[in-house]
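**Student:** Residue-level listing of the chains:
Number of protein chains: 2
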Amino acid sequence: MLRTHTCGELNISHCGQKVTLSGWIQRSRDLGGMTFIDLRDRYGITQLVFNMETNSELCLEARKLGREFVLQVKGQVEERSNKNSKISTGEIEIIVHKIKILNSSKTPPFTIEDKTDGGDELRMKYRYLDLRRNEVREKMELRHNLSILIRNYMNDLKFMEIETPYLIKSTPEGARDFVVPSRMNPNEFYALPQSPQTFKQLLMISGYDRYFQIVRCFRDEDLRADRQPEFTQIDCEMSFVEQEDILNTFEGLIKHLFMKVKGLSLSDFPRMSYADAMKYYGSDKPDTRFGMKFVELNNIVKGNGFSVFDNSELVVGICAENCSEYTRKQIDELTEFVKRPQVGATGLVYIKYNLDGSLKSSVDKFFTPEKLEEIAKEFGAKPGDLILILAGREEKTQTALNVLRLEMGNRLGLRDSDNYSPLWVVDFPLLEWDEDTNRYYAKHHPFTAPKPEDYSMLFTNAKDVRANAYDLVINGVEIGGGSIRIFDRDMQKDMFKVLGFSDEEAQKQFGFLLEAFEYGAPPHGGIAFGFDRLCSVFGGVESIRDFIAFPKNNNGRDIMIDSPSQIKQEQLDELQIKLVIKD
Amino acid sequence: MLRTHTCGELNISHCGQKVTLSGWIQRSRDLGGMTFIDLRDRYGITQLVFNMETNSELCLEARKLGREFVLQVKGQVEERSNKNSKISTGEIEIIVHKIKILNSSKTPPFTIEDKTDGGDELRMKYRYLDLRRNEVREKMELRHNLSILIRNYMNDLKFMEIETPYLIKSTPEGARDFVVPSRMNPNEFYALPQSPQTFKQLLMISGYDRYFQIVRCFRDEDLRADRQPEFTQIDCEMSFVEQEDILNTFEGLIKHLFMKVKGLSLSDFPRMSYADAMKYYGSDKPDTRFGMKFVELNNIVKGNGFSVFDNSELVVGICAENCSEYTRKQIDELTEFVKRPQVGATGLVYIKYNLDGSLKSSVDKFFTPEKLEEIAKEFGAKPGDLILILAGREEKTQTALNVLRLEMGNRLGLRDSDNYSPLWVVDFPLLEWDEDTNRYYAKHHPFTAPKPEDYSMLFTNAKDVRANAYDLVINGVEIGGGSIRIFDRDMQKDMFKVLGFSDEEAQKQFGFLLEAFEYGAPPHGGIAFGFDRLCSVFGGVESIRDFIAFPKNNNGRDIMIDSPSQIKQEQLDELQIKLVIKD
Chain A
0 MLRTHTCGEL NISHCGQKVT LSGWIQRSRD LGGMTFIDLR DRYGITQLVF
50 NMETNSELCL EARKLGREFV LQVKGQVEER SNKNSKISTG EIEIIVHKIK
100 ILNSSKTPPF TIEDKTDGGD ELRMKYRYLD LRRNEVREKM ELRHNLSILI
150 RNYMNDLKFM EIETPYLIKS TPEGARDFVV PSRMNPNEFY ALPQSPQTFK
200 QLLMISGYDR YFQIVRCFRD EDLRADRQPE FTQIDCEMSF VEQEDILNTF
250 EGLIKHLFMK VKGLSLSDFP RMSYADAMKY YGSDKPDTRF GMKFVELNNI
300 VKGNGFSVFD NSELVVGICA ENCSEYTRKQ IDELTEFVKR PQVGATGLVY
350 IKYNLDGSLK SSVDKFFTPE KLEEIAKEFG AKPGDLILIL AGREEKTQTA
400 LNVLRLEMGN RLGLRDSDNY SPLWVVDFPL LEWDEDTNRY YAKHHPFTAP
450 KPEDYSMLFT NAKDVRANAY DLVINGVEIG GGSIRIFDRD MQKDMFKVLG
500 FSDEEAQKQF GFLLEAFEYG APPHGGIAFG FDRLCSVFGG VESIRDFIAF
550 PKNNNGRDIM IDSPSQIKQE QLDELQIKLV IKD
Chain B
0 MLRTHTCGEL NISHCGQKVT LSGWIQRSRD LGGMTFIDLR DRYGITQLVF
50 NMETNSELCL EARKLGREFV LQVKGQVEER SNKNSKISTG EIEIIVHKIK
100 ILNSSKTPPF TIEDKTDGGD ELRMKYRYLD LRRNEVREKM ELRHNLSILI
150 RNYMNDLKFM EIETPYLIKS TPEGARDFVV PSRMNPNEFY ALPQSPQTFK
200 QLLMISGYDR YFQIVRCFRD EDLRADRQPE FTQIDCEMSF VEQEDILNTF
250 EGLIKHLFMK VKGLSLSDFP RMSYADAMKY YGSDKPDTRF GMKFVELNNI
300 VKGNGFSVFD NSELVVGICA ENCSEYTRKQ IDELTEFVKR PQVGATGLVY
350 IKYNLDGSLK SSVDKFFTPE KLEEIAKEFG AKPGDLILIL AGREEKTQTA
400 LNVLRLEMGN RLGLRDSDNY SPLWVVDFPL LEWDEDTNRY YAKHHPFTAP
450 KPEDYSMLFT NAKDVRANAY DLVINGVEIG GGSIRIFDRD MQKDMFKVLG
500 FSDEEAQKQF GFLLEAFEYG APPHGGIAFG FDRLCSVFGG VESIRDFIAF
550 PKNNNGRDIM IDSPSQIKQE QLDELQIKLV IKD
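Protein chains in written order, with numbering that gives the first Met the number 0: chain A, 0 to 582; chain B, 0 to 582.
Hints are supplied without guarantee of correctness; some may be wrong.
Which copy? The list can't say, so a pair holds if one copy fits it or any two copies do.
[Stated by the list, open to error] DSS-like, lysine-lysine: derived pairs with alpha carbons at most 30 Å apart:
#1 284 with 376
#2 254 with 450
#3 157 with 73
#4 370 with 338
#5 63 with 73
#6 17 with 73
#7 496 with 105
#8 301 with 364
#9 338 with 381
#10 338 with 364
#11 82 with 157
#12 496 with 99
#13 157 with 254
Since the hints were made in silico from the structure, they are not lab data.
Isolated chain A, as found in the complex:
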């Protein structure tokens, strides 16, 4: 080894020892007769000392070294006079006897510091330098630690990690596949998996009973700020279980991680139906760190001559505590906020429950004080509170009020990232109707089983069929979801039929699964967690990109390696494909 110790392990107990360290120059300071260099590696920082008086030649050499040079130094550990209690090596320094420059460095394009001066684009281009920063390294360490904890927990519960193939078959249902032309089978393509869904179900049919895999998945979707074309899933499946067994098993996993990583003992996770989540939070991933639940007002406010309410499918509001003294300007701000196209409300009605007990609203001319009081009572409001009301089409209004609720949560400091509020959302609908294509899509995926009691409605009232499908939500972020699966050929064929597959299409795409169901498929179900997302929740940061060593940008490009890129004509020829050149 080119070192006897790392830069993070020496302390007062090593004083007097001769050591060899290797690392990067974090910074250096010349203080007249002395030169100090902070030498950094993954494990920490150790202070090196050079003295003009005792060794001027070496000291002069040290002064020539720049930031991020790679050094090997030999020297003796000594107690520092000026101790630094913030770092583990802060009580000692190394009196250096010998330097070897292992490599030099140009001046980095941005500073390798916690607060760097590098912008996003620059740090992505030089991601290998960005990864040197403590903040980024800690995220990679967190990710590694989580993966080890997860694997050991799952192994202890007798889950087997089984690797499923990455070169699979394109199944156009769902998101868009990345495809891979096959040279050995001309005109044919593999697809990269959007998830190992069918393979894990086959493993259940194979009797593997408890499967998991931390696995890369791929989706060729137009990228939003926080989506990546490749992402990592903790993919899990169990046999001979009901929904409750899966929720308990994976609630155990998440609690274990919080205990090990955060030292937090979480209480049992509440469960909420999808219907209630929409009704009370306007979202299937409610942030339950704070209340401010929706109150529906149709029964109270309609028929009072206020046409906006009278003509709305839904009138619904929230009560923001201690906000009655919001100024005109603040209310206007909120009104503009909800009227932005991405929120889409047409206006905002407020009722202030003043501290003196009086009520003041933006719709005073339609509602008597008694009526306003009745409304306030419905919210359980008290003097000092502010009621905010939206109206319109049901789903759109719920969605808009959800955004407003989260905004008010932010303004009132109710969304503390050190506070964790997990929640199971259950009883998702099996299907959702798509206006554009005029057909049903699977809400979760085509392999999710309808609730047995709702199955009979599949061809009569499909939209009301619920599934044993569930999401785990923490602080308003969906970190995982799953379902009990269909394990019966006829039910699966019914499901494909509702989704508009012809028998031929179903057979062509999923014939292997339909056939497998005929050889003793056990009842089974599972869940998949977004691992990047889970890391970001534990890291207390919104972006998942920070937790990926080499992420892609919003155009799906890796700007560091400059990929994707053109390939050679020979490669295209071998694959027997041609490019369609567009102007």
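Using the hints provided, position chain B relative to the given structure of chain A.
**Tutor:** Okay, now just chain B, sitting in the frame of chain A:
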């Protein structure tokens, strides 16, 4: 849960308990008044009993159930009269009170038994049924166990598992890439990684110090019997190390695995230079479970008038102990064996050292008894031994004799799969000359560093430049290989130059790495193990395919899911590619 216990956990201590089991029917037997069903799950087999006398209705129902039906049964644990000591549940049986058929099964296309009647093709088509067989399940369990052991060992040594991207850039050097057309970047392609080589080096430049990853890799090569287009690597890299540090670290890992999995304490692994491996075994992955080392005879046999020897670049042989009594027929068999085109020898010379001390050879007319004795002495042969000699071009003859040596090892029972002989082969040549393309290729890969003392020969005597490159070989199987890397921009540019890259090409393909070398790259090196191969060595089986849950066949096809397959015209249009239809 649809069970209170698994089919592998009940024993005499559970007698009298009411239990619920779920599993598959392995077999059933009707013995007049009694029916026995063996119920199977991943954990074991439990015997179910039905009695015509006490519950004829249930017993008749049980008799209708076929193999591989999925059952849930409720019943009571009782001690068996007829105990089976071979299985953990062999002392008990379940007196069944209630059956629920969870799913029925058609008769499987082959028997789900250790010795199945299903051929390869059939078992691959119904892989989900093949995976039910004990033998296959045990291989998956071994693989899972190895992965957990490896990860924890690496974690304990402070290696971090970091996920590198699967959508990277095509670099035509090396094997052929699988490519992925980018929809968002028309006319451009990602490539699937052949290994995370450049990314792990960037991680070293980022200061991650110790990295590993159990990671899928992809190569679009024409498939031999034992190659897969996707395979799994244990990929590792360390900074501030020399070759010796890497060998010791990973020797530790392999010893740990043998101890944990096999209970074997292996001695320190011997090291052998590539040159010696070729000279004494004719292979860079010698099977050292047995001796039978090559003996070169040029100095002794030339100039005796036997033109085959006189005109050969190399005359070399092995001594097979206790084979002097091989019959004419056996010798002819060996001769035919080495003359097959895949071995390619032109003939085989033998010398029998008879038990009576006399020598008899196929070239008696060219060599005096004294000369034969001299040759025998060279081999250290004793009465009863058989010397086998090949002659011809050096490399070809070594390779042929290697095949013969392994064959003799097989015939003599010297290649016991329960005996493990690990070996480090070191000092590989940096480059190898390719006659077809008339250029050098990197023996390992273009990032391997020449030995410092050989660097000066890079442009004068390239073929003699050695690298700090090493392979780990166990029982003649290469299970891993690696090298100390180049970490200097100029040396890397020299290497690209020797490989025939223009500056522009080097910059286009590997510019990011060359640039990264300028920002403080540390000395580093690493190794990668073939995980599928490692599993096969631990499983004592030659084929890696058995250790892959869903392998592909020799045409790169998954015949179970029928992939690769044609994709829709819309998909091609979106990707802006066209198929070249060939007649």
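**Student:** So, for every hint listed, does it hold in this structure?
**Tutor:** Verification of the supplied hints:
1. Taking CA atoms no more than 30 Å apart as the test, residue 284 paired with residue 376 passes inside one copy only; the shortest distance there is 27 Å, against 83 Å between copies.
2. For the identical chains of this complex, residue 254 and residue 450 are intra-copy neighbours only, at 28 Å inside a copy versus 51 Å across copies, given an alpha-carbon limit of 30 Å.
3. Proximity of residue 157 to residue 73 under the C-alpha cut-off of 30 Å is restricted to the inter-copy arrangement: shortest distance 23 Å between copies versus 49 Å within a copy.
4. Taking the shortest alpha-carbon separations for residue 370 and residue 338, only the intra-copy value of 26 Å comes in at or below 30 Å, while the best inter-copy value is 104 Å.
5. Proximity of residue 63 and residue 73 under a CA criterion of 30 Å is satisfied intra-copy only: 18 Å inside one chain copy versus 81 Å between copies.
6. Proximity of residue 17 and residue 73 under a CA criterion of 30 Å is satisfied intra-copy only: 7 Å inside one chain copy versus 71 Å between copies.
7. In this assembly of identical chains, residue 496 and residue 105 lie within 30 Å of each other by CA distance solely across copies; the values are 24 Å between and 63 Å within a copy.
8. In this assembly of identical chains, residue 301 and residue 364 lie within 30 Å of each other by CA distance solely inside one copy; the values are 14 Å within and 119 Å between copies.
9. Taking identical chains as interchangeable, the C-alpha atoms of residue 338 and residue 381 lie at most 30 Å apart only when both belong to the same chain, with a minimum of 27 Å there against 99 Å between chains.
10. With identical chains, the CA atoms of residue 338 and residue 364 are at most 30 Å apart within one copy only, with a shortest distance of 23 Å there and 106 Å across copies.
11. In this assembly of identical chains, the alpha carbons of residue 82 and residue 157 lie at most 30 Å apart only when taken from different copies (28 Å versus 49 Å within one copy).
12. When the C-alpha separation of residue 496 and residue 99 is checked against a cutoff of 30 Å, the pair qualifies only between copies, where the shortest distance is 29 Å, while the shortest distance within a copy is 71 Å.
13. When the C-alpha separation of residue 157 and residue 254 is checked against a cutoff of 30 Å, the pair qualifies both within a copy, at 18 Å, and between copies, at 25 Å.
In the structure shown, no violation is registered for any of the earlier numbered hints.
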